[in-house]
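We have chain A already, so just place chains B and C on it with the hints.
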Amino acid sequence: MDNLQTYLYISAILFSLGLYGVITRRNGIAVLMGVELILNSANINFVAFARFGGMNFSGQVFALFVIIMAAAEAAVALAIIINVFNNLDTVNIDDARELKL
Amino acid sequence: MNNLLSISLFLPELVLTATIIIAIIVDIFSVSNRTSKVSNYVIIGLLATLAAVFLTNHSPTTLFMDSLAFDPFASFIKSVVLVATLLIIIFTRYSNEFKGYHTGEYYALLCIMVFGMFLMASAIDLITVYLSIEVVSLMSFILAGYLKNNPRSNEASLKYVIYGAFSSGIMLYGLSIIFGLTGTTKFFAIRDAITTLDSSSNLALTLSTVFVLAGFGYKISAVPFHFWTPDVYEGSPTPITAYLSVAPKAAGFALMIRFFNQVFVDGDSLSTLGWYADVSFAWPEILGVISVVTMTMGNLVAIQQNSVKRMLAYSSIAHAGYMLMAFPTISSEGVFAVMIYLVMYLFMNLGAFFVLIYVAQKQGGENFEHFSGLGWRMPIVGIVMTIFMFSLTGLPPTVGFIGKFYLFVAVINAGSAFYWIAFFGAINTVVSLYFYMRVVKTMYLDGNPSEEIIVPPLSVTLILLVLAVPSVFFGIYWTPILNWVNNSLLFFVQI
Amino acid sequence: MYRDFGTVLIFAMLAIVLVYVPLFIQSLVAPSQKTPDKLDNYECGEEPEGSAWVQFNIRFYVIALIFLIFDVEVVFLFPWAMVFKEMGMVAFIEMGIFLLILIVGLAYVWKKGDLDWVKYNVKYGRGRYRQKASQTEGEAVGSI
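Line by line, the protein sequences are chains A, B and C. Mind the numbering: the first sequence is residues -2 to 98 in my numbering, read in order. Mind the numbering: the second sequence is residues 109 to 603 in my numbering, read in order. Mind the numbering: the third sequence is residues 16 to 159 in my numbering, read in order.
Okay, chain A solo, but in the shape it has when bound (with noise of 0.2 Å):
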């Protein structure tokens, strides 16, 4: 178990689920949560490689700024979807089509 290869695994399994939902979903809160899903892939990708790799703590580092990057991330898409859905009457991203595709 406690080793690099296990949490790559996890990893990747995360972020192919993220992709999917992404794929997928037409939600756009469920998009968002595909994304946050990608986004911790490459946390555990991070940590895991500095802690097995035997690096310095730049993986560490990293992670931490992704976090709050993440965070940014997810409070600005909230905040545009619950305007998105002020306005339209939908989260749906499909339904939001005002402007051509």
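In short, the hints are calculated from the structure, not lab data. Don't take every hint at face value.
[As the list claims (entries may be wrong)] Listed below are the simulated DSSO-like cross-link pairs for lysine-lysine, each with C-alpha atoms no more than 27 Å apart in a straight line:
(1) K145/B to K256/B
(2) K145/B to K207/B
(3) K127/C to K207/B
(4) K127/C to K256/B
(5) K207/B to K126/C
(6) K126/C to K145/B
(7) K145/B to K127/C
(8) K256/B to K126/C
[Stated by the list, open to error] A few chain B residues facing chain C, derived, Cβ under 7 Å:
(9) I129
(10) I130
(11) I132
[Unchecked claim] Derived DEER-like restraints, expressed as beta-carbon distance ranges:
(12) L566/B to F82/C: 48 to 54 Å
(13) L92/C to T21/A: 37 to 43 Å
(14) M97/C to A159/B: 34 to 40 Å
(15) M173/B to I10/A: 31 to 37 Å
(16) T87/A to G128/C: 25 to 31 Å
It should be emphasised that the depicted structure is a prediction, and the values quoted were computed from it without experimental measurement. Here a beta-carbon is modelled for each residue, glycine too, at the ideal position from N, C-alpha and C.
The following block gives chains B and C in isolation, referenced to the frame of chain A:
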């Protein structure tokens, strides 16, 4: 350089931070809706930042323990971004799209975005790469949706935030794999580590670089990652559209140049065409294909548009494709050409967008029919728009021609392996002639010319001249720009 | 040390088994007749009205967003606290500047009225909140 010593070279960013904070504080304490006060402070702050960029002279070095580079190339990109921002602030003050909105924080957000682009221009560490891209992206999301009650603006920001968050997530995963392979986040250490990698990690390295390319490609809206561009550009307030099509793109190109140069190429002299053959898979070819597809897609779809704003959005995709032409060569000549093109593109594209803002205000819309007969009714606007359209096509004697000229020279000089890119570039230029000239044709040949003549107010004329005169002047006498770019083509290099 | 966790693992597995085996068995035994009424939400025997996706008051989200930002910034304080003794005054000043910037943000939120439960100076969108806002707050709806 250690943290305390770097602060003196970090002066532009510090001035910018002070500007941001002052803008917010002024906004808090301003009682009325008079937000032009904030923009005044911000303009002064940005001018001070520009002065600081020129004043901080030092031989190329790194700041904050190798996380940021300080070199003439970064200063060049910073100045381009600052000039674009100043123009956009003036556009915003003029535009009537923001009527009824509180624009105090708008300027603060714009400044934060500038800060992010400063970091993008000088990032040489994966952490700063990610942070800077995110800062710029987050601010663009908010600014694209700034018109809170306008459903189109809302939708633009929704699409932007979805695509942006997704591609930055993909990029982050790629960065994490690069970190794992090389054990470091510094560009130069990564380069050293890559040369010693055995061939079993080639696949992982290639995959991670593709992931990172997704992040960069999204920032400069290169083709497989361009889906957000037309919608976001159309839905955003026009000043923001203009801004997004110029400044973040310049910063994105800067980041991409630095990343590919310093990680995959020798990074210093830039004179060799040597990608590290053993680890890189066909990067020049892939970048070449991306470039060709980007410009072709941009141009072909731009032809079909009825809205001038959307046409300009697609044309900005095509221009990203032109600039990407120089990437596969990865020579100092290529980087030189991209830098020149960025300056030239700044004038012509912002100019076209400002004409669009003005016309939309006077004619009540942004479609081609609103431009019909404009050349006769508003002679000054008509002539100026014609200049910008000529320039965007790349016809002499305008800046667009000079920019394209250097790009093509760089591609052709790089050897016969790249001729096909130049070939497609030339075909695309001809294609783009069609829709740019359509604007000119609509202005002069359509509609009835027998209406009264509208002369724009002095302020508008002044802005138009500020953008149009350089568009022609630098097309005839471009030595100043050439010298500036020449002096700026100096990267920080670790021996 | 691992052996201690072994006990925990056994308990965890036992818990999972005890939950899922009965569920599995009953899914084999129980008859399955799906009628629209059965698939509906249970609302104390009443006919469900509207979607289960009810609106939370939008103010919850705003407060939550603000909390999220200020909560996560603390992440920077922990590493700082670790090295504070070595770095001394410099670290103190740096963190002071950082917090000062955050406080400016807090002041901004405060001034804009986002910390008030009833926000007086907001013009709502054209969506459903507009009517509600004008009903409940009446004259209070001003310009942004």
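Results for each hint:
| no. | hint | result |
| --- | --- | --- |
| 1 | K145/B to K256/B | holds, 22 Å |
| 2 | K145/B to K207/B | holds, 16 Å |
| 3 | K127/C to K207/B | holds, 19 Å |
| 4 | K127/C to K256/B | holds, 15 Å |
| 5 | K207/B to K126/C | holds, 21 Å |
| 6 | K126/C to K145/B | holds, 18 Å |
| 7 | K145/B to K127/C | holds, 18 Å |
| 8 | K256/B to K126/C | holds, 19 Å |
| 9 | I129 | holds, 6 Å |
| 10 | I130 | violated, 10 Å |
| 11 | I132 | holds, 6 Å |
| 12 | L566/B to F82/C: 48 to 54 Å | holds, 50 Å |
| 13 | L92/C to T21/A: 37 to 43 Å | holds, 39 Å |
| 14 | M97/C to A159/B: 34 to 40 Å | holds, 39 Å |
| 15 | M173/B to I10/A: 31 to 37 Å | holds, 35 Å |
| 16 | T87/A to G128/C: 25 to 31 Å | holds, 27 Å |
In the structure shown, a violation is registered for the earlier hint numbered 10 alone.
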